[in-house]
Amino acid sequence: MAKDWDAVAEAIKTRLAELDMTQAELATRAGVALMTVRELQHNLQPRRRSPRTLTAVSEALGWPGDQIARILDGDQVDDPDADDPVLAELDSLKADVIALVRRIDAIERRLGPDADDA
Numbered sequence: 001m002a003k004d005w006d007a008v009a010e011a012i013k014t015r016l017a018e019l020d021m022t023q024a025e026l027a028t029r030a031g032v033a034l035m036t037v038r039e040l041q042h043n044l045q046p047r048r049r050s051p052r053t054l055t056a057v058s059e060a061l062g063w064p065g066d067q068i069a070r071i072l073d074g075d076q077v078d079d080p081d082a083d084d085p086v087l088a089e090l091d092s093l094k095a096d097v098i099a100l101v102r103r104i105d106a107i108e109r110r111l112g113p114d115a116d117d118a
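Numbering-wise, this note's numbering puts 48 at position 48 of the sequence shown, and it's gapless, one number per residue.
It is worth saying that the hints were derived from the structure and are not from the lab. Hints are not guaranteed to be accurate.
[Claimed, not checked] Derived lysine to aspartate or glutamate pairs resembling EDC-like cross-links, with alpha carbons at most 20 Å apart:
1) Lys94 - Glu59
2) Lys13 - Asp66
3) Lys3 - Glu18
4) Lys13 - Asp73
5) Lys13 - Asp105
6) Lys3 - Asp73
7) Lys3 - Asp75
8) Lys3 - Asp20
9) Lys94 - Asp20
10) Lys13 - Asp75
11) Lys94 - Asp105
12) Lys94 - Asp84
13) Lys3 - Glu39
14) Lys3 - Glu25
15) Lys3 - Asp66
16) Lys94 - Glu18
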């Protein structure tokens, strides 16, 4: 069965953005070479990787150890953060902040451009 290195690259890229993590930080956390992270994230060298490397990178991204291997094999993987109550609360707080910013913007528009000078 063909390995889906493109799916692995996309998953890593997405996860790094979600975590606001750099390649260097991921390499350090996973205990792998920076070049290994670059190759995985950009699918530069699609070749067999040791299970230890894939597990270390998965865990450094906050995923179960087998997440990258499962993506590579084409398995449908669930979002491991889907049931995290802390993330759900953060999403709720983010929505509240967005609503507050919109209300403040509306009030400032009603007050006019001179309101900032007062």
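### Query
Hint by hint, which ones does this structure get wrong, listed from lowest number up?
Numbers 1, 3, 5, 8, 14 - these are the hints that the structure violates, sorted from lowest upward.
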